[in-house]
Structures are given as structure tokens and as C-alpha cells.
Amino acid sequence: MKLPTFDYHAPTSLAEAVALLAASEGSARPIAGGQSLMPVMAFRLAQPSALVDLRHVPGLDSIEVLAKEVKIGAMVRWRMIEESRELARVVPVLAAAMEHVAHYQIRNRGTVGGSLAHADPAAEFPALAVACDAVIDVVGSKGARAIKAADLFTGALETCLADDEIITAVRVPVWPKRRRWGFQEFARRRGDFAIAGIVAFYDLDQQGLITQAHIGVFGATDIPRRLPNAEAALNGQEPSEALFETVGDVASGEVNPQSDIHASRDYRRSLVGTLTKRALAQAAK
Amino acid sequence: MRTVNTYIGSPVERIEDQRFLTGTGEYVGDMSREGMWHAVFLRSPVGHGRILKIDASAALALEGVRAVLTGDDMGEDVPTIPFRRPNPTIGPFAQPIIGRGKVRYFGEPIAVVLADSQEIAEDALGLIDVEYEQLPAVLDRETCFADKVLLFEAQKSNVTSVFNAQKGSADEAFAKADVVVKDRFYTQRQTATPMETRGLLAEWDEKNRRLRVSGAAKLPFFNRKTMADMMKLPEEAVDYIEVDVGGGFGARGEFYPEDFLCAFAARKFNKPIKWVEDRREHFTAIGHSRECEAQVELALSKDGTILGMRGDLYVNIGAYVRPNGMTPVRNAAQFMTGPYRVPNIDLKAHAFVSNKTPAGTYRGPGRYEGCFFMERLMEMAADALQMDRVALRRKNLLTNTEMPYPLATVLPSDGRAETNCDSGDYRETFDRCLKEFHWDEKAKLDGQQVDGRYHGIAIASFIEGGASGPSEACKLELEADGSVTLYIGSSSIGQGVETVMLQITADALELPMDRLRIYHGSTDLLKEGWGSYGSRATVMGGSAIMMAAEKMLDRFREEAAKRLNVDPSSLTIAEGVARHADGRSVPLAEVASAKIVTEAKYTSWTPTYTYGAGAVHVAVDADTGHVQVLEYLVVDDVGRIINPLTLHGQVMGAAVQGFGSVFSEELAYDDQGTLLVGSLADYLLPLATDYPHIHCISTDNYPTPNHPIGAKGAGEGGIIPIGGVVANAVSSALKSFGVAPNILPLSPNRIWDLVQAAKRKA
Chain A
-15 MKLPTFDYHA
-5 PTSLAEAVAL
5 LAASEGSARP
15 IAGGQSLMPV
25 MAFRLAQPSA
35 LVDLRHVPGL
45 DSIEVLAKEV
55 KIGAMVRWRM
65 IEESRELARV
75 VPVLAAAMEH
85 VAHYQIRNRG
95 TVGGSLAHAD
105 PAAEFPALAV
115 ACDAVIDVVG
125 SKGARAIKAA
135 DLFTGALETC
145 LADDEIITAV
155 RVPVWPKRRR
165 WGFQEFARRR
175 GDFAIAGIVA
185 FYDLDQQGLI
195 TQAHIGVFGA
205 TDIPRRLPNA
215 EAALNGQEPS
225 EALFETVGDV
235 ASGEVNPQSD
245 IHASRDYRRS
255 LVGTLTKRAL
265 AQAAK
Chain B
588 MRTVNTYIGS
598 PVERIEDQRF
608 LTGTGEYVGD
618 MSREGMWHAV
628 FLRSPVGHGR
638 ILKIDASAAL
648 ALEGVRAVLT
658 GDDMGEDVPT
668 IPFRRPNPTI
678 GPFAQPIIGR
688 GKVRYFGEPI
698 AVVLADSQEI
708 AEDALGLIDV
718 EYEQLPAVLD
728 RETCFADKVL
738 LFEAQKSNVT
748 SVFNAQKGSA
758 DEAFAKADVV
768 VKDRFYTQRQ
778 TATPMETRGL
788 LAEWDEKNRR
798 LRVSGAAKLP
808 FFNRKTMADM
818 MKLPEEAVDY
828 IEVDVGGGFG
838 ARGEFYPEDF
848 LCAFAARKFN
858 KPIKWVEDRR
868 EHFTAIGHSR
878 ECEAQVELAL
888 SKDGTILGMR
898 GDLYVNIGAY
908 VRPNGMTPVR
918 NAAQFMTGPY
928 RVPNIDLKAH
938 AFVSNKTPAG
948 TYRGPGRYEG
958 CFFMERLMEM
968 AADALQMDRV
978 ALRRKNLLTN
988 TEMPYPLATV
998 LPSDGRAETN
1008 CDSGDYRETF
1018 DRCLKEFHWD
1028 EKAKLDGQQV
1038 DGRYHGIAIA
1048 SFIEGGASGP
1058 SEACKLELEA
1068 DGSVTLYIGS
1078 SSIGQGVETV
1088 MLQITADALE
1098 LPMDRLRIYH
1108 GSTDLLKEGW
1118 GSYGSRATVM
1128 GGSAIMMAAE
1138 KMLDRFREEA
1148 AKRLNVDPSS
1158 LTIAEGVARH
1168 ADGRSVPLAE
1178 VASAKIVTEA
1188 KYTSWTPTYT
1198 YGAGAVHVAV
1208 DADTGHVQVL
1218 EYLVVDDVGR
1228 IINPLTLHGQ
1238 VMGAAVQGFG
1248 SVFSEELAYD
1258 DQGTLLVGSL
1268 ADYLLPLATD
1278 YPHIHCISTD
1288 NYPTPNHPIG
1298 AKGAGEGGII
1308 PIGGVVANAV
1318 SSALKSFGVA
1328 PNILPLSPNR
1338 IWDLVQAAKR
1348 KA
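Protein chains in written order, with the working numbering: chain A, -15 to 269; chain B, 588 to 1349.
Each hint can be trusted.
Label pairs and their in silico Cβ distance ranges:
id, chain 1, residue 1, chain 2, residue 2, range
1, A, Asp189, B, Glu1028, 44 to 54 angstroms
2, B, Arg866, A, Ala130, 33 to 43 angstroms
3, A, Thr138, B, Glu1028, 48 to 58 angstroms
4, A, Ala128, B, Lys1346, 49 to 59 angstroms
5, B, Ser597, A, Gln242, 54 to 64 angstroms
6, B, Gln1036, A, Gly139, 38 to 48 angstroms
7, A, Arg93, B, Leu1232, 29 to 39 angstroms
Computed footprint of chain B on chain A; a stretch qualifies when at least three of its residues, placed anywhere within it, have a C-beta under 8 angstroms from a C-beta of chain B:
id, stretch
8, -13 to -2
9, 163 to 177
10, 239 to 247
11, 252 to 264
None of these hints come from the bench; they were simulated from the model.
All values derive from a computational prediction rather than experimental measurement.
We treat Cβ as the ideally placed atom computed from N, Cα and C, and that holds for glycine.
Chain B on its own, in the form it takes in the complex (with noise of 0.2 angstroms):
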């Protein structure tokens, strides 16, 4: 591969902003056919409850409703959603289709209305005469623990999988330390809010009984298995084609019951089935996430080494246990030491069954939790040992040469029990950011009030995964002019895919950009691939193409030299030529006629760590509770940075949303389990002018040595560390009150809540 003007490292634009900047772009939403019909969803409106009658004669007899289906209509047995990360004790725990008998959540589907547009099918909703017997809901630790109301009475608990993370010994480190700090912390339910809401078009081809499912997003390969299986298809009969996808963050695009349903409809009907959620059922029936509870305690001795870990996470996962509902929670045990060096551990997170919407994963699932408990812990340690908090952070920090570093092995293994930090020096980012934060300078503000207003500051370090397994392929194609196709597994859901992949593939073959075109994601271009999530697209995509590459070279070689008659070993390749030593040469065009076509794929379980630190300086109004965040740096090390623009991108875009986390965004049930959100009105995302003062420095100092790439999966730094952060720094501002702030969102009730306890007990 070339090293010197290279598009890997260069800051090129987004080759797809411009169709979408040009409103040429092509969503779910926008598709049509001919004879469509439009499919919504009669959702259950109680929390908890059995169904004892559904009418729907009246919505039947509305003029433009074609249908509607029930879970009568799906057999004896309702099917359930399959896992994508199985465990021994979560199968009883799968979410069914549709809800029939029981509803265990406010959204559940219960009904689906097939009509000749979105409105009638919505004039039919409000005909659909359905009875409930309301059950009470259960919706916190407590109650859901208590197992006297159960959602799944067969299985006598509402309890579906305890994670153990464990190393070395922590009863024993616990035993010698000096000091021990412990506490309970917690990170409220969130969800990922793509701005585009999930839909899908289904279509359904009786004649060669082949099913088109578009609108695909995320993992299309494992999805089209899912409906293939589901559908009782083979999986050749079904595909999955991917269109422009608005954001994903982990939620949009895994399988849900309205992706059945749909299809299922197709079929049932052979019509076409178009669904576009609308934003108030997108907050009930898409995945939610990051609900957890942590009750534990860290041992350090006192010149402020860390000595062990331990204790219990409790992670809220709603009704089912989805796809990936057990992602975020063995994540959060397996991840919450991040970038410390703890070399015993003991935690464990239980996974529970409640009556709210299921969960999946979110932008650095479980990491971000994890941080946020694990950096509050180091923050009262400082305090406890009276030691400088960023020396003892920077004391405990990995270094390069403990690389490969073990975290805690997760038991019950989901196939990645074990994982290692791969490379990097902690510190090194750790000591940037300080740097370039100015913080000595600004420590002299911290717990200052100025202009009524207390100032404070903190600092945080994170790792972050990548590379997610099992594989990805992809396929290139030497066209008749001499330029290259790119087919690849990897999928867009917005992150810049285009772009990178075609850098990496310019480079890998030492041709122009523009002599390239990209096709992605959809099942009807490749045998197999995998997808986008995890930070793994730029790494295993890339990793496919570079060996894609490589052959097509080969042969590009091997072509050549028969037309030079001379032995290939002795041509070199160039910038598209092969060159022999004879001056003359072949480019690349003249050999379109042996249609080169090579394929690979590339496989790797080893995830990498990116990994960095965030420092951030708040103003804290004590009155109103009211935060304004002044500055926010993070410094991360990605191992390899192939486009600075789409990189810092990511990383900003990370780090406002996670602001949105700190601050504002809450999904609040009543007791009865009513979910309280219902628009954008309540759901406070973060706006365009509320954090305008970040800051991302990205390094590529140390690439990961597990991938011929180099580079590590990048794009959830600015999130990860900044629960943690920003708690600490209004912890900091507010020291004069002796305030902790150990549960989100940090909202200004709830900051004001904390003054004034402080301010009765003083």
C-alpha cells in the first residue's frame, strides 16, 4: 500500500453529503409501489394486563381498510424474535411478534391494520375495540426482585441472566486495603433517537416465493437468517436491501416484531407492506437502554494503587430479552474497570425483566455506564485518600507495556468471555488532554463562584471496543473502462461508509477515488456479510477490502505479464501500471478484458480499544440547578485515523449526545407503566446551540497489532467517559455545598435537589 499521498489519513469530504445535501437521497419513507398497502400498529396502551377481547369489525368495515391481524392469526404459537448473542438462561425471556393473551409493556403490538394509506389505517386504530384486564406493573429493582408480580409466571423470577466479571481475587484485596470507597449510582433509561424512525418496506414475490425486505439498517446479513428462519424460507429466497439510513446508534435496525409483521403481511396478502414509525411510537417500541443500578465498592491502599473491585450492577431491560438486551449488561461488568489497572475483580450484573419497553444496545453499551460508576468511585477515592485526583488516576492508568492487558473474564460466556486491551499508552492521552485542557490554569476556578455561578472542572479516561466479530466480505470488480467496483457487507447508517471504505480501496489498489464506485450493504450483492455496529465497519470492512485487494493485484500481475510475456514476479505495480524493468508497461484498463474479479473475507474475534480521556469545565447556577458546559476536550487514540473529518465527526457528534444523557434525555414511566414521553417535547435532545464549546483532539500513535489495518474502531469517545466527567465537575464546582451527584440525568431538579439536601443537613 502507498504511504505517501494517501487518501487514508486525509481529511476528504463525504462522498455521499452530496446527494443528500441535494435532496437526491433515498429513504424508507420515500419508496413506493404500485397496490401498496400501509401497515400501523394498534400498541397496548396498559403496562401490564391480559387481553380478553379484541373487536375489530368496526375498523374492518372503514372504507380503505383491507385488513387486520392479531396474534390469532399467527398459528398455535406465537413465534419469538431469536438472539443474536445467546445465553443458557434467557430463551423463555424472548420477545413474541405480537402480543396475544398477556401485554408485558406500554407499545406492545397487539394488532396490525392494513389499509390503503397511514391515515385511514390511523382512523382505524381508534375503531378496534380491545378489553384488558390491567395487571399491576412492575418497573423498579425493588418490586421486579420482590418476584410476587411476574411477567413470566412459569419461570418463578423475574431475574433472566446474573453476569459474573471476575479476576484475581477481590474478597482478598478487600481484605488488605486501606481504604475503601463504595457507593449506589445510577444511569436512567435512554434511547438512541436516529432522527430517521424505523420502517420497512416488505414485498413478496408469489410466483419464485422470494421475499424484499427494504429498508435494512445495521446487520442485514443476520437479519435476512432471522426472517429467513422465521418465515421458514430458505435463506437464499430472502433479501435484505439497504437504502439511505438516518442514524442507527445501535437501536435502529436490529430485528423487531414490525419487521415480521410486515413480511409476514407481504405474504399473507401478496401486497406490497410499507411501515414508518412516527415518533410517538418510537419512543415506546424501539430499543431503550442504559437503565442501571450499581451498588459497588473499589479497594485501594494508601498510596492510592487500586487494589480490587466488586459489587452488583442491576440493569432494567424491560419486558423480552431482544437480540442484544444482554449486550449492554455483560458490557457494563466486563468494561467498568476501563483503562485502570484492577487486577482483582468481582462484579455482578443481573439482568431483569420489567414492565417497560425491552432494551438493546446504545452508543458504547454498557461502557458509558460502566464509566460513569467507575469514575465517581475514583473521584471519592481521591477524596477519601486526600491524594490528588488526576495523580491518582494517572497512577493507575495502563501502560504500553502491559499490552496486552486481561479485563475480567464475563461468565456465562457469550463467546467473548475473555478480551485484552490491545495497545496503547493511557497515560499518554491522559497527560494531552490535561495539556491541552489547560488545566492547572483552570484549576484555579474550580469550586470558584463568579458572577454567581460555581465553576468546576474534572477529568476521565475511557476505553472504548471495536471490531466486533465474526467476519465481513466483500468483492471487487475491474470494470470494462479500468475502473473498480466495491461490493461490501459492511452497511451506512449514516457514519461516512462511502467514503471510507473507497480511501481504503483507492489506497489498496493505488487508483484515484473517482475510479471507484461503491455498492454496500445489501444481501443481493454479496453471499455473505455482516454489517455496521460495534465500531467494526472501518475494521473488518476495511481489513476485507485490503485482501480483496492484494489479489486483485495479483491477478492484475499474473494479466499483465502474459500480455508483456515476461514473469509476473518481475513487474512492479504502480499507481494503476504494471511497470518491468524494460520500460514497458500495462495499466490497469488494458486488462478489463479478463474480468478480474476477486473476493475476500476477512475474520477476527479480537476486538480493539480505542481508548482516551475527556476533561470538561461546567458552570453550576445553585439556584436554578442550571449547568452550562464552558469547554469539553476529549483526547483519543484510535490506533489509525483513515479520515480526520469523518473521525472528528463521530467524535463530536458523540459527545453531544452524550450531553443529552448527563442533562436532559429521560424516559419516565408513571406507575402504572405508562410511558411519560410521547414527543420531542419531552424527550429534551440535545439543540444545535446547547453545547457549543467541544473539543476533540484525535492520535494515531499506537495501532492495534490484531488487525493488518492498524486501525481501531472509533466514533464513541466523546460519549463513554461523560457521565462520569461532567458528574465529577459539578461535584467539583459544588464542593462547598458536599455534594454527590451519583444519579442521572444530571436535570436541573435534580442538581437543585442535591443543594438543598446539602444545604439542610449543613
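So here's chain A without its partners, still in its complex pose (with noise of 0.2 angstroms):
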């Protein structure tokens, strides 16, 4: 479990970082946090000729909050997440669903740029960025461009990021200050990958009823996702604990779990309904 050997880049700009990417033809790997490359690599699960470390771009570390949207750097760290009072004001679940990524060492050097790029279909903030309509600001050497989050993932561990663009920033809508919401995760242990995740929130009409309802799930699929059929049932009903056993049971229909180790796919399956009543009797709490 020692490392291969490999060369290392610490680039000033952003450009000089994606030049060093696109010349290596694919060989070479961007390092943010490292809390998922270094182990893969230590297990020879990945051998790249070269690591570019991002630690010294500029500007890819703030959280700026804007009229519309907050926008949060690539290299933003959990712990700045977790910790950022703006945030969560105006996204509160961001903040709140820090506490069940990793442990706080982790946290503390994990990025935000980092897990989009890794894709772990286990992870919490693709599937936030997904349930939340956030967009991916990227650079590569044919230019930027911004991605739907929901676009971006299009597999376990697999993105549609050329090998030479990098994430920037993530952009992610203001919420509406009476939006309703409840993030649900379960795992073996505190900090372990999820066995299944949800994220769920909804806004109340004048009438009392739901509205933009938006359900997204990790852990139980291949690519973090929305739940349109769980959604569409809840929009336009009166929150109730009948309605939330309901809308559990569509959302476990919408989802096709792989079995492992920890969790069969009837389990995940049942977890993920499990879950989705939670977070809605959270959300209406």
C-alpha cells in the first residue's frame, strides 16, 4: 500500500494547471483534498504519471453569496461548509448534511471540487448539488463551460469531464426563506459511506399545499438522482404522515440498488423509502 512513484505539479494559475493536464494526454490526475485519490492510489487502483495539485490556483476557495445563487469554490473544504453561517442561511441543508461526511479530519481537507470529480455514488454532496439544481462551473484547455449537476455524473465514479478540465466553483440557487426540508442518511457507522441517502424539500402555497418538491437520493443508485415519481406525488397534497408513507413506498419503487457487502438491494431499496418518509417528517416538522 505504498504509493507508485509519479510526478507532482503545483501550479500558480489556473491555466497553467489545465496545460499541465492536457499535456499528459490523460495520464495525469488534478489533487484537491486527496482523501479519495491518495488511498486509491495506495492501492494501485490508479496509477497516474502525474498529480497537478490545485492548492495554490487562486480563487477557487471562497464561498461568495449572491442575489440569486451562492456560489462555492472548488477547493472550499467541508469544514468551511459546516461552519459558514451565510451558507446556511440561505441553503441550510448544505450545512446541515456535513456532519454525516467522513469524520472531521476528513472534513477538514476534503473539497467540494474534489468529490464532484470523484463521483462516489456514496458521497453527499453530489446528490445535494443534484437535488438542489446547482450547476458546475469547469475550465479546460477548449475553454469553460457550466454543467447541470445532473449532467455531470454519469456513472459509478464516472463524470463527463474531459481529462483536462478542472471544476471551479459549483453554483447553487438561493432557497426561499420558508422552504421546508430534512436530509436523511443512513449508515453502519457515523461517518462510513451511506447505505442510502435523501435529500428532500418543498415549498407550501398559499393553499398549504407542496410545491417544488425535489427528492434526491444516494448511496442506493449508480449516479445521484432525482426521484420524479416520488416527487410529482407529493406536489399538490397537504403534507401528512399518510402522504409521506406513500410517497416512502413510490420512492422505493424508483430505485434498483446494487447488493455489497453491508446491504442487499431489497434493503437498500426498503432504506430508501425508509429514508424518503423521514426526511419529508423532518421537512414538515
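Assembling the complex is the task here: the two chains are given apart, and the hints tell you how they should meet.
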């Protein structure tokens, strides 16, 4: 479990970082917090020719709250999100979910951009980005582009990013004031990879009926995604325990999980229903 | 020995912690030698197969790679590792020190790469070209017992041994029983997971033809003998040096293939060879344990008296029989009845080989498994008899008037066929546990749903073995300044040996602890010794110290008498001073010129039995299968408490380890025999925050009559009853569903499955 040999670069500009990646023709990898890439390399599951460290690239590590959206730099670490009062005010679910992200040592180092690019199906932030209709800003040798979070993930540990593209920021729409939300995750131990997790939020219209229902799932699917049938079952309804129970069943039916050593397909599917129900109950409180 | 103001019984802080906490401990990983080579092992990626070809030429061409050794370098016959507890049938199943021709488990060493750094050696692993013919893997009892696929073709069977535990006549007891309960139970495959993985540094002195192995743990003296035999060296030509050790728990410190291969390479190339295991290979290579299936039944009379027990245990010991591979097998059979009065027993424990990592011992070997089976049966019996489960247990617990009480005799004998519970009143700890746990109050919650979770409680009783024979040795040396140095064969595996041994020495010599020094574990300190395993160090080492100290005090008396020109018997010794009635006295330092050195060897084959009870309160989320432990209490009686702090730490640690066993740790394989656990992200050890509500109370009301020190081996009390007590609490919590948690671990998925199955049935 010792690292293979590799070259190391610590560029001081984005352009330089992109150029290094482009020159390697796909054999180099950007590294941010290194919380996933380093173990993968130690296990020799990845042997990049070089690491392009983004630590000295300026302008990637701030949280900016604008009128309509909040812009979170790719090098922002979980700890910053956890502690940002402003963020907690405009998109409260982000800060609240952070306590589920691994352990505090890892939260001190792990980054937003790293997690999105790694695309672990059990990770919290990709699901938060998808559920919150976030947009991902990337820069590559062909220029900059913005990708809808839902389009970024193409499979487990796979994204649509080109080899020389670097995530620079994620932009999340600011929430309306009275938005209702819940976040539920089930893991074997605190901080473990999620067996299943649910991000849920909705607004209430003037009649007190649910509108803008969003339900995002992770851990139980190949990629983080929303559950349109469950959302449809919520919209236009009055919140109630019976409704949440029904919507939980709909959510269960919308996923087709994999089995692994920690959880069977059926168990995971059932968890999705249970957690959906609980997240909605949490939202309604 | 002093009885007031003594160190024994006092909460003396661990003296070894100073160096651990200040980062000045030295583990084998910290060691380095000029010109040292690093060893890394190429391991079988298949569970069962034939090696068709090994080509290491590309690896050898890599800069920094010094050599690659394979089975072909081992001479005509690949040596096998000798047994520590032999029996008549296991001979052909011994582990060869390297796979040649055939490989039988995922992780079996096939080649050793020696290089200038561990990194280069790992680079070279990927360059070795090995071709395998994969054979069907046999992994479970059914396929192994079918004997269609054999691990050892010449043996015609995958069964290595059948132990029979017998007492009275079980069949007669069952014939007259009013109630019989029976079921199938299973404890999953685990490993001990010491924080420090294995490792060693082997150095060959060509001029003097001596081998020095640093990184010894557990039983350095036995391993030295094994190594000397295998290297065809005289025993005195081999030294096993103990440095700091980060935990053992039965697994670390046994003799493994890598131990020999590093020493072999050190001699062959005349270079220091260092190896430190990484966590991934650790899971594939260190001894596994605990995989045991039971099909057992318990016979009782109407009034709840246990009449007899019979049935079969099937232990999956993996691909080979390792030095102590049979210990958990025979232990499960002998200790399954535990603290209960069971007059008639007939249990067969079958050990069989499979394409999994070979097994050894893990804290409470066989006892943890047996206690789980027994306590599940007791719970079922209480249901069947419609009797209170506390009353049923209490009725059958042994009392002091029945001591010594014989357990079942286990044949074939490994030298310890017969054994007796030594002392104690098992009802006392049981009652104390009920009281401290506030059983009656908590019982009101049992089976109730509170805030969406079901609450349950349970209590279980256990015995744990200690004081493994045959002997321990020590030496005391009076230094010029009047201080005393202790040399002892007991090794430290992190359990606080230095503190405990010096407490005993200090009291025996009536000297302050800071006048004492200890050296332990290494074979160059003493002519003979044993080590630390089977909860033996305190009893065996401590008893040896008491003997040596008595001799030293006698010598002190003689020397002091000479100086005062009086008869030695006229002197009294206290607090390091010999005094005469006339007021004259001689302090110990004044006789230092006499160079007093005393040695002692304490020999005994009589085990001790600490005993006690554990109670637990859980809350079960039936929708997710999650179980929260709201409280776990263990009460044990250890004969005599030497150090309440270290004892407390041991029992607490064992309890936490036990929760890992019950809920989350499992070494799973796929159907090809590939181990599915590669890291600590897959093998779920308890985290510091997982089980905060553990309490333990230790008493010393009944010293063992069989050892002068009175203390019994202790520290496993937290883990032995935990499978049974937790499973019963979960079953009690979910009684409205009617679930029988007979298979461990109680993972959330398994509990959810049980609830779903019960719902479907209803």
C-alpha cells in the first residue's frame, strides 16, 4: 500500500494547471484534498503519471453569497461549509448535511470539487448538488463551460468531464425563506459511506399545498439523482404522515440498487422508502 | 508479602504510557539497519488453484530489486509450520511456508520480493508473471463436507479433526427430558485486528552463525524454538527480541510463514530483512477466527433443571491447521456449557479445511462462540418452559459448594482434556449484575416501543479461562545502588505487563516501584520463558516473581546476618531493611556487593476461571435494523485484582471489541474464494463514539486456590457473553414480531431481514 511513483506539479494558475493536464494526454490527475485519490493510488487502483495539485491556484476557495445564487469554490473544504453561517441562512441543507461527511479530519481536507469529480455514488455532496439544481463551472483547454449537476454524473465514479477539465465552482440557487427540508442518511457507522441517503425539500403554496418538491437519492443508486415519481406524488398535496408513507413507497419503487457486503438490494430499496418518509417528516416539523 | 499500603490492588497508572504518549516507544516499524532490504510478499489472487508458471525476470530487472524467492528456492520439501497444540490427525494439514504447486487460499504467499525499499518491492509485485489454473473453491460446510473438492487430495477428506466433549450420558438425559430446545446457530468469520499489523526484522550474523529476530510478540520462546528447528540451528543461536507491540488479541505473535521467509532470506543473502505488513494483506494473511456453526440441543426437566446438552459444532478453520488452529475448536466444545451445571454432555466439534485464510485464536477463543450458542438455548428454554429467564439461569448457575466443578472431557487430548472450574459463586456476580443494572426497572421497557424504537434487555453468564501452562520464568538482580531489576519471560502485547509485574515485585520485595526496573519478553534475557497468551501473564509471571522474590529476601537475610554477625532467623525484613531485635539494621543497598541474583520458574497446568455476567439494554429500529446499545454492564470476579485501572481497561476494551463482533465485523468471501474485505472501510471496527455506555465492575471475592497469587486470568469478560446477551436483547425487543437472531453478525440488514420474514409469516 505504498504509492507508485509519479511526478508532482503545483501550478499557480488555472491556465497552467489545465495546460499540464492537457500535455499529459489523460495520464495526469488533478488533486485537491486527496481524501479519495491518495487511497486509490496506495491500493494501486490508479497510477497517474503526475499529480497536478490545485492548492496554489488562486480564487478557488471561497464561498460567495449572491442575490440569486451561492457560489462555492472547488477548493472549499467541508469544514468551511459546515461553519458558514451565511450559507446556513441561504441553503441550510448544505451545512446540515456536512456532519454526515466522513470524520472531522477528512472534513478538514476534503473539497467540494474533489468530491464532485470523484463521483462516488455514496457521497453526500453530489446528491446535494443534484437535488438543489446546482450548476458546475469547469475550465479546460477548450475553454470554460457550465454543466447542470444532473448531467455531470454518468456512472459510478464517472463524470462527463474531459481529462483536462478542472471544476472551479459549484453554483447553488438561493432558497426561498420558508422552504421545508430534511436530510436523512443511513450508514453502518457514523461517517461511513452511506448505504442510502435522501435529500428532500419542498415549498408550501398559499393554500398550504406542496409545491417545488425535490427528492434526491444517494448511496442506493449508481449516480445521485432525483426521484421524479415521488416528487410528483408530493406536489399539490397537503403534507401528512399518510402522504409521506405513500411517497416513501413510491421512492422505493423508483430505485434499483446494487447488493454489496453491507446491504442487499431489497434492504437498500426499503431504506430509500424509510429515509424518504423520515426526511419528509423532518421537513414538515 | 505486605497486606497494607500495597501496590497490589491499587490503581497504579501504567508506567509504560509515558513513552507511548511522548512518542518514544519503538515498534518494529521504527527499526532500521544499514544495508537493510525490504520484503514484500506476492500473494495468491485465487482461492484455490495450481501454479503453472512463475516468471520473475521482469521484476528482477527493476532497479532496486535485489532478489525474488519462490517455493523452488526452498529445497526439495517446502517446510511446514509445527503445531503448538498437536493432535493425532492434523499432521498432513500443516501450513507450508510458501505456496508451491498448489495454492489453497486468497493471500497465500507465493513469492518474496526483496528490494531497497518497500515502494520498489511493491512496484516489482506487478511485474511477476504467474499463471494459475483455477480450481473450484470450497468455502462452506456443505461443500467442504461433500469431499468432492479436496484441499489435500491424499487425505480423502476435508475434515481434519473431530473433538468429542463428554460427561455423563447425554442420551439418557435426553430420553427423560420434559423439554428439549434445539436450533442451528452461526458465528461469523472475523480477525483480531491489532492496531499494529505484523512485522519483523531478521538479522543474520554470518561470523557467529546467529539469527536475531526483532518484533517478537506473544510467545517469543516457543517461536524461537520453532524458528531454530526450521532453520536447523541450535536454539541458543536464535534470539527473539521484543520491542513495543501494538496489540495481539491472540492473532499477532503466532508463528507465520512470513516469519520463516524473512529469516531464511536474511541468512541466504546475509542482509538485514525487514517486513511490515500492510492492512490489506493483514486481512488476507493473519489468523482468522470464530467461523463456527452449531447444531445443538438442550434437555431440561419441567422445573427448569438442565439435564443435558448434545450436538455438533462445525468450525471452518481455513486452508491449513496453524500452530494453535485447533484451540478454538476444542474450546468451543469444552466451554459451551460455561458457568451452568450441566451433568450430561455429548458434543462433537468438527474442524474442516476450506479455501479461506487459516484460522487461529481470537480473544476468548471458542468461549465467545460457545457462550452465544448456550445463551440462545437458555433463552429458548425459558420460552419453552414459560419460565422467567432470570430464574432459569439462576437455578442452573454453579455455586461455591460445588467447586471444583468438572467441565466436559475433550478427546483427542491436546494435553488439557480435563479441567475444573476452580472457585467462586456464580450466582453472586449474576445477582450483582441484576442489581447494578436495575433489571426490574428496565424490565418494564422490555419489548416496548418508545419513540419508534423497540427496547429490549437480556442477561448472560460466562466463564473465561486463564493461566495457560506450562510455566513462566524470571530473574531478580540486586543492583549496586540497592535497586532491583526484574527479567521476565512474560511478553507485553500492550496490556500493561510492565506496570502489573512491577506492582507484584514491589510488594513481594517490599520496595517502592521506582526502585525497580523491568526487562521482558526477549529470549536473550533468560534461559527459558513463555510469554503472554491465554490470560496467563499475571498469574504465571506474577507467581514466578513471588518465588524469586522470596529467594531474594532469604539471600538478603543471610547477607545481612553475616554483616551483623547474628543468626539469619533473628532478622525481620520489612520495607527493604533487615532488622534485629537489638535495634541494629541493614538496608538492602548495603548488601549489593554480594551480587544477589535469584531465579524462579513457576510451573502449573491448572487454569483459572474468572466468571461473571453481562447485561444489556438495546433499542432497535425495526425499519432500518439499527441497534443502539443504551447500556452494557459486565460484572466479573477475577480472584484477586492486581490493578483495577488496567483490569478495567481490559474489560472495557473487550466489550467494545465484542460489539464489533456482534454487529459489524465480518470477513466475507465471494464464491471463488476472494476475500471481499480489503481495508478498514470494509471491515467495520467499532469507532470511539459507537458504544459510549459501557460499565464494568470487578470483584475479587474468590481467589483461585490453585496459584499462590490468588489472581485469575482476566480481561475477556467483556467479550465472551456479548454475542448471547445482545442477540437475546434484540430478540426480546422484537418479541412482538417473533424473531430468532441465531446468526451473527446482527448487521442492520440481517435484523431487517428477520423482521421482514416475521412480518411475512404473520
